[in-house]
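Undergrad: Between the sequences and the hints, there should be enough to build the whole structure, so can you do that?
Its first residue numbered 2, the sequence shown is counted upward by one per residue in this note's numbering.
Everything labelled a hint here was simulated from the structure, so no lab data went into it. Quick caveat: nothing in here was measured; it's all calculated off a predicted structure. Built from N, CA and C at the ideal position, the CB exists for glycine as well. Some hints here could point you the wrong way.
Within a straight-line C-alpha distance of at most 27 Å, the following computed BS3-like cross-link-like pairs (lysine-lysine) qualify [said to hold, decoys possible]:
{"#": "1", "residue 1": "K256", "residue 2": "K142"}
{"#": "2", "residue 1": "K677", "residue 2": "K726"}
{"#": "3", "residue 1": "K573", "residue 2": "K485"}
{"#": "4", "residue 1": "K748", "residue 2": "K844"}
{"#": "5", "residue 1": "K426", "residue 2": "K485"}
{"#": "6", "residue 1": "K109", "residue 2": "K150"}
Estimated spans, in silico, between C-beta atoms of each pair [said to hold, decoys possible]:
{"#": "7", "residue 1": "R84", "residue 2": "I34", "range": "40 to 50 Å"}
{"#": "8", "residue 1": "Q427", "residue 2": "H23", "range": "49 to 59 Å"}
{"#": "9", "residue 1": "T629", "residue 2": "Q466", "range": "52 to 62 Å"}
{"#": "10", "residue 1": "A619", "residue 2": "K533", "range": "21 to 31 Å"}
{"#": "11", "residue 1": "I335", "residue 2": "V27", "range": "22 to 32 Å"}
{"#": "12", "residue 1": "E577", "residue 2": "H669", "range": "43 to 53 Å"}
{"#": "13", "residue 1": "K5", "residue 2": "E379", "range": "53 to 63 Å"}
{"#": "14", "residue 1": "Q350", "residue 2": "P189", "range": "21 to 31 Å"}
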Amino acid sequence: MKKKTLTSNDIRSQFLAYFRDHSHEVVPSSPLIPHNDPTLLFTNAGMVQFKDVFLGKEERPYHRAASSQRCVRAGGKHNDLERVGYTARHHTFFEMLGNFSFGDYFKKDAIRFAWDFLINHLHLPPEKLWVTAFTDDEETKNIWLGDMKIDPARFSLCGEHDNFWAMGPTGPCGPCTEIFYDHGPHIPGGPPGSEEADLDRYVEIWNIVFMQYNRATDGTLTPLPKPSVDTGMGLERITAVMQGVPNNYDTDLFKPLISAAAKLAGMRDLTHFSLRVIADHIRSCSFLILDGVTPSNEGRGYVLRRIIRRALRHGHQLGLSLPFFYQLVQPLAILMSDAYPDLKAKQNQIENILRQEEEQFSATLSQGLKLFEKTISELKGSVIPGETVFKLYDTYGFPADLTADMAKEKHLSIDYDGFETEMAKQRERSREASQFDTTYHAVDIQHAPTEFTGHESTEMNEPAQILALYQEGRFIETLSAGQKGAIVLNRTPFYAESGGQVGDQGILRSSQAFFKVADTIKQGQTFLHLGKLEKGSLKIGDVVHAEIDTARRARIVLNHTATHLLHMVLRKVLGEHAMQKGSLVEPDRLRFDFAHAAPLTEKELHAIETQVNAEIRANHAGMVDITTPEEALASGALGLFGEKYGKEVRVVHFGSSVELCGGTHADHTGNIGFFKITAETGVASGIRRIEAVTGDAALQFIEKREHEFKQKLNQSENRIHQLEKEIDHLKDQFAKIISHDLAKSAKKVGKIEVLAEKVEGLDGKSLRQTIDHLKTMLPSAVIVLATVKENKIGLVGSVTSNLTNQFNAKDIVTHVAQAVGGKGGGRADLAEGGGNKPEALEKALQSVYTWVQEKIV
Numbered sequence: 002m003k004k005k006t007l008t009s010n011d012i013r014s015q016f017l018a019y020f021r022d023h024s025h026e027v028v029p030s031s032p033l034i035p036h037n038d039p040t041l042l043f044t045n046a047g048m049v050q051f052k053d054v055f056l057g058k059e060e061r062p063y064h065r066a067a068s069s070q071r072c073v074r075a076g077g078k079h080n081d082l083e084r085v086g087y088t089a090r091h092h093t094f095f096e097m098l099g100n101f102s103f104g105d106y107f108k109k110d111a112i113r114f115a116w117d118f119l120i121n122h123l124h125l126p127p128e129k130l131w132v133t134a135f136t137d138d139e140e141t142k143n144i145w146l147g148d149m150k151i152d153p154a155r156f157s158l159c160g161e162h163d164n165f166w167a168m169g170p171t172g173p174c175g176p177c178t179e180i181f182y183d184h185g186p187h188i189p190g191g192p193p194g195s196e197e198a199d200l201d202r203y204v205e206i207w208n209i210v211f212m213q214y215n216r217a218t219d220g221t222l223t224p225l226p227k228p229s230v231d232t233g234m235g236l237e238r239i240t241a242v243m244q245g246v247p248n249n250y251d252t253d254l255f256k257p258l259i260s261a262a263a264k265l266a267g268m269r270d271l272t273h274f275s276l277r278v279i280a281d282h283i284r285s286c287s288f289l290i291l292d293g294v295t296p297s298n299e300g301r302g303y304v305l306r307r308i309i310r311r312a313l314r315h316g317h318q319l320g321l322s323l324p325f326f327y328q329l330v331q332p333l334a335i336l337m338s339d340a341y342p343d344l345k346a347k348q349n350q351i352e353n354i355l356r357q358e359e360e361q362f363s364a365t366l367s368q369g370l371k372l373f374e375k376t377i378s379e380l381k382g383s384v385i386p387g388e389t390v391f392k393l394y395d396t397y398g399f400p401a402d403l404t405a406d407m408a409k410e411k412h413l414s415i416d417y418d419g420f421e422t423e424m425a426k427q428r429e430r431s432r433e434a435s436q437f438d439t440t441y442h443a444v445d446i447q448h449a450p451t452e453f454t455g456h457e458s459t460e461m462n463e464p465a466q467i468l469a470l471y472q473e474g475r476f477i478e479t480l481s482a483g484q485k486g487a488i489v490l491n492r493t494p495f496y497a498e499s500g501g502q503v504g505d506q507g508i509l510r511s512s513q514a515f516f517k518v519a520d521t522i523k524q525g526q527t528f529l530h531l532g533k534l535e536k537g538s539l540k541i542g543d544v545v546h547a548e549i550d551t552a553r554r555a556r557i558v559l560n561h562t563a564t565h566l567l568h569m570v571l572r573k574v575l576g577e578h579a580m581q582k583g584s585l586v587e588p589d590r591l592r593f594d595f596a597h598a599a600p601l602t603e604k605e606l607h608a609i610e611t612q613v614n615a616e617i618r619a620n621h622a623g624m625v626d627i628t629t630p631e632e633a634l635a636s637g638a639l640g641l642f643g644e645k646y647g648k649e650v651r652v653v654h655f656g657s658s659v660e661l662c663g664g665t666h667a668d669h670t671g672n673i674g675f676f677k678i679t680a681e682t683g684v685a686s687g688i689r690r691i692e693a694v695t696g697d698a699a700l701q702f703i704e705k706r707e708h709e710f711k712q713k714l715n716q717s718e719n720r721i722h723q724l725e726k727e728i729d730h731l732k733d734q735f736a737k738i739i740s741h742d743l744a745k746s747a748k749k750v751g752k753i754e755v756l757a758e759k760v761e762g763l764d765g766k767s768l769r770q771t772i773d774h775l776k777t778m779l780p781s782a783v784i785v786l787a788t789v790k791e792n793k794i795g796l797v798g799s800v801t802s803n804l805t806n807q808f809n810a811k812d813i814v815t816h817v818a819q820a821v822g823g824k825g826g827g828r829a830d831l832a833e834g835g836g837n838k839p840e841a842l843e844k845a846l847q848s849v850y851t852w853v854q855e856k857i858v
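TA: Set out below in structure tokens:
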């Protein structure tokens, strides 16, 4: 008879019944909005409703509890949203089965409960399970291997990152032990702790946390007076195990929802990832609304809106017309109302809220998709600019992860860094009314383009006139000493931040005023000099002399020219695809983002660095052509996607490097001096980043590394010296120990103690130390010790001082050495020798006793 497959409802019920039978209070799931806990967006674990109990702030009438807690991870620290639909086991909504002890049972019982339930109630084969524990938790290790007698081959110890849990930077914490299920060798992946642990073969099904310490602000751990237990087993994961599938979406928790969505879309293929996204998201959205969250533009409401809009976008991908999402509430209610009856009771309310949100987003979705399609039709690279991602977010309500999904479908990625930069600017605008905010808009409208003279010279031969002054966001006539402001000139040598190159610093000086420029930016083609008037006063119409910080500019131009050389070399070493995706050129470093799928190898990094430095040593002269963008690009010059070019562009040449660029550069590549890569990292899918330094900064970097290396070398040498001393001490101790045993083997020849023995594992120095110890125990003695290493014999012989007038150590050692194919030498009291016939050694040593006997006679 075929064994019945457990449903998710069966598993949930059996879990709660098991712990009820073991004296646990079965507690209902708490809402997804944590009660009185501003640190959490959503309930994301079973222990959240017991947090104050664990902290000792609340008493419950029970000391053991069990629950099936509904959880959401789609915002804040714990955020699985971007992986949902693309992996087998990540969800925005899930149920956590948990059992808890508040100062009652501890490690042994917690482990026993978990193992008993899995083996004897769910009937999982022990050979399919793998257990991990914290490296320093010997007690847990002994329980598993000793008491539970699990197979040591399926047990491993892991470090703090994987097996030590903390409620926060301070407070209750402790080691944990985890149980994994092995889906079998046909699924990619390795056991916990291996390099392939993150793949799908071994899946964590139960985590048992032992809260036994309190972490103080200084990091010290002190034992808690009442150690507690917090465990969690994901219902979705254990259901997949019990239903014999490696993918959670193939369980009865998702299949009815996937089928319902597929029916709406007229699809037969139930494996499409968009169906999985929709099935997951209807669960989280419905339960969030059930618990009182409504779509909005902030906090929990915005997370809900993000999830809804992600689902709607995936529905659109399947050809579904809005509204459709709300229709999945009914099959969800049918599926889960036994466990959560409120879902059925509030079905209409949930449907209405979802439908309103769908209808509201319908027009926005259409407009946003038009912008997206227009962007990718004009896209020359593979990365959607951060500005576009931000506009889709800010104007059309597209969360960044929604845009990322759309980009992924087109085999593109988005510039997350650029998006975050725009977000940071928006947050800054929201936090405070920037003193230059209204100024920028006014400048853009009211002023003609600033004449930039900084390509030819860092100083101006003729003075500049002040066209406008701004202070604290207001247009002003006069700027007084001590005030910060922005100055617009008719011409300037100051480079304004653009193209990745930072703005210039310096001074604006008149006969009676001194303005220190901290930064230079531009709005449109108008340059704004931002800074502080250190003395005097300035008014519109005044004439000033502009002087940039030439030393700072000199370092910037070296780095900017280096980015051009780097760009050229990257395309040679990695391929033509390695196009620039962004850059930052500062006085002390450069940063360069480029298209490439994989991390660079050491060989590739070495080749890049070597070739850039070869271009520097070639000392190419910089040449500039002024032409149209069309002519420049047609001639092979490299331009940046997303960059807006005017009617005329500057084409900068350095050897084989030819790029459109409005920035400032070195006269010759040789001025750069030296180029050194300091880091290579990934910043987005298909985008890598190189950070580097040039000139004096590169030399300082090398000198610092050299100093650090010498420090480590000195530390190593000191440690080696210390270890050598420790080894010598240990050898002496060993010699002392072995000498006691050897002394017992000495034989009396007349009144003389004679010892001739072979010893193992000693070198010449150790043999001499052993003889010194023996002479203190044998006051009248003739001693010969031998050792053999790789068929080479070492001999040391000695005669106590009171016998040197009768016996000569040199003669004794020579006698033995000749017998083993060697020779010896030394003094009357101490001699050494060797040989190469180990097979003759035993007989030669025995001859010492006869030799001494003959000398006595």
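Undergrad: Evaluate each hint against the coordinates.
TA: For each hint, the structure was consulted:
1. K256 / K142: Status violated; Cα separation ~39 Å.
2. K677 / K726: Given that 27 Å is the threshold and the Cα spacing comes to 41 Å, the pair is violated.
3. K573 / K485: Status violated; Cα separation ~47 Å.
4. K748 / K844: Holds, at roughly 16 Å.
5. K426 / K485: 20 Å, holds
6. K109 / K150: Holds: K109 and K150 sit about 13 Å apart, inside 27 Å.
7. R84 / I34: 40 to 50 Å: 23 Å, violated
8. Q427 / H23: 49 to 59 Å: Given a distance of about 53 Å, which is inside 49 to 59 Å, the answer is holds.
9. T629 / Q466: 52 to 62 Å: 31 Å, violated
10. A619 / K533: 21 to 31 Å: This hint is violated: roughly 43 Å between Cβ atoms.
11. I335 / V27: 22 to 32 Å: Hint holds: Cβ distance 24 Å, inside 22 to 32 Å.
12. E577 / H669: 43 to 53 Å: 27 Å, violated
13. K5 / E379: 53 to 63 Å: Given a distance of about 58 Å, which is inside 53 to 63 Å, the answer is holds.
14. Q350 / P189: 21 to 31 Å: This hint is violated: roughly 43 Å between Cβ atoms.
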